[in-house]
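S.K.: Here the protein sequences come in this chain order: A and B. Mapping of the first sequence onto the UniProt record's numbering: position 324 corresponds to residue 324, and the numbering continues sequentially without gaps. Mapping of the second sequence onto the UniProt record's numbering: position 67 corresponds to residue 67, and the numbering continues sequentially without gaps.
Each hint should be verified, as a subset may be incorrect.
[What the hints assert, rightly or not] Across the chosen pairs, the derived CB separations fall in these ranges:
(1) Pro111(B) with Ser244(A): 56 to 66 angstroms
(2) Thr62(B) with Leu183(A): 42 to 52 angstroms
(3) Gly77(B) with Ala55(A): 47 to 57 angstroms
[To be verified] Short derived list, chain B residues pointing at chain A, Cβ under 8 angstroms:
(4) Ala14
(5) Ala15
(6) Met29
(7) Val30
(8) Ile74
(9) Ile184
(10) Leu185
[Stated by the list, open to error] Pulled from the structure, derived: some chain B residues nowhere near chain A, Cβ distances all over 10 angstroms:
(11) Gly98
(12) Glu164
(13) Glu193
Treat the hints as calculated values from the structure; they're not laboratory data. The structure displayed is predicted, hence computed values, not measured ones. Ideal placement from N, C-alpha and C gives every residue a C-beta, glycine not left out.
Okay, here's what each chain looks like letter by letter:
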Amino acid sequence: MYRGRLERDLKRWTAAGLIDAPTAGRLLQEYDSRESAFSLGRALMMIAALLLSAALLLLIAANWEAIPRLARLVGIVGLIWGAYLAGGALILRGAERLAAAVLVVGTLAFGGAIALVGQMYHLSGDTFQAMLVWFAGAVVAAALFRSGAVTAIAGFLAFAVSGVDWMQSFDADTTILFWLMPLMAVIVILLVRYTGADRVRHLAYLLLVAWLAFLYGEHETREMAMALTALGGIVYLAVAVPQSPLSAIARSAGEAPAFYSYLVLLLGLLALHDEFGGMADRLFLGVVTLVSAIAGIALSGRDNGAVRYLGYATFAVETLYLASETIGSIIGTSGFFLVAGLVVAMIAWAVIALERRFSRNATGAEA
Amino acid sequence: MTTFRSFRLPPLVAAILVAALQTGVIGYMVESRASILRSGAAIRLKTLPVDPRDLLRGDYVTLSYPVSTIPKAIVTGEPPAAGTRPRLAVRLRPDAAGLWTATQASFGDLPAEEGSVVVHSLPFDYYAGPDGGVPDTLFVEYGIERYYVPEGEGRALESARNAEELEVEARVGRNGTAQIARLILDGKPVYDEPLY
């Protein structure tokens, strides 16, 4: 974890006389006081909340006949009220972390209540509809409580909603996911902006990437793969080129916009590799992919580690792929491994040189 | 942005609003069923054996009905495009034994008629037949295909169902939604469903 590394570095700097011990202590203290810092206690509390909710859902699933139906209904509705009221009271007392865990229990209990009512009253209705109602309930709870933890639940439920509909209508040309997936992603992003649950942002972006993959899955055509590639490329350039008006907004969202648009670009290129079989086409695609890899490293390499490593990996895989497609067939297996080894060594050398330059630039910029 | 960032509903107000809303959703689910049972049109359906015979999963019995199989001959009106998920409106009429059977079906709406009840199926995957029109038979569900029973009691119902001695009394709301009101075993009602 970052905290361990920070502590080690601070000790080293103190020993080297770069900073004094009280400063080191204060720096560490500042890190620990941050809201986003990892806390074992909070993580365990969340796990406890999830386990309790799971126990509750399983209890209901086991169709507990010992209690009359109406009592079970009152019980679970009471649990919902109890969890939310306790959450509200805990927020008032400043116990935000415990409140988050209790609110998670409340949101999961709502899902349990939907399942319970379906089971008790023999409503063999639509699973998709039930999941969607649950998602909506979680969104409302996250917004009204301004809860980051419930936002995370909503993010996962968005995936569950999509997954259920996808499986249910696997064979049919449904249109609902075409607009529902991006809509849920936008809702989750708005919640993230409002609640400050920055890490949940990734769930929304992943949902959008999954949506694009779904679109390609529904229409596996060359045009679709090209559109995907173009979209990823254009959005990536818009957020990564410093001159672009969008880059300032994107930067406020951290490394994610550049990374995910770059990911879409690479997924599009992967789909194109699948669509085009001819030698000349593949060579051309290979060049485009290599250029994309270099462009990613050059544009975002310095301050976006995720894009940089994705760029390295793409460059290495594409080079090996091209080598196996072209010279690999001529020189035989052992010769191919020889060439592959040389290629990887060259890439490694380039990566080391680049990494050194990035770190020099970074210190130069700070000085 | 700063006012937006700093705004937060009083937590207890949020608690009451969220809990009330979610209770409302649950209440709506329960009440929409209860109102169908209270005032919906009563129909009696024969059940069919389900293959494979042992379909007791978890704690519910899977029910299948003759009216779940709709022959092409009774379908009226325009068929939908292939690959969509339409609903089917089915007109039921009682036969001499008091069991209700399907007499007419449509992908659009069916007008109310004296002595008949129109029930709506759940959306289902529709495929055109070999000639491009409606296939010879359509298989639909009405949302009354599961009956949850106390643990261990499902077997008796299952064997009765497989011996074709099980009937279901359902009620159908004005919007065509069906709900199970009671199970009838050998002519005697069992599992009478209370409203709540």
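S.K.: Each hint needs a verdict: does it hold in this structure or not?
M.R.: Each hint, compared with the structure:
| no. | hint | result |
| --- | --- | --- |
| 1 | Pro111(B) with Ser244(A): 56 to 66 angstroms | 60 angstroms, holds |
| 2 | Thr62(B) with Leu183(A): 42 to 52 angstroms | 35 angstroms, violated |
| 3 | Gly77(B) with Ala55(A): 47 to 57 angstroms | 50 angstroms, holds |
| 4 | Ala14 | 4 angstroms, holds |
| 5 | Ala15 | 3 angstroms, holds |
| 6 | Met29 | 5 angstroms, holds |
| 7 | Val30 | 6 angstroms, holds |
| 8 | Ile74 | 24 angstroms, violated |
| 9 | Ile184 | 15 angstroms, violated |
| 10 | Leu185 | 16 angstroms, violated |
| 11 | Gly98 | 22 angstroms, holds |
| 12 | Glu164 | 21 angstroms, holds |
| 13 | Glu193 | 8 angstroms, violated |
The structure fails hints 2, 8, 9, 10 and 13 (numbered hints given earlier, in ascending order).
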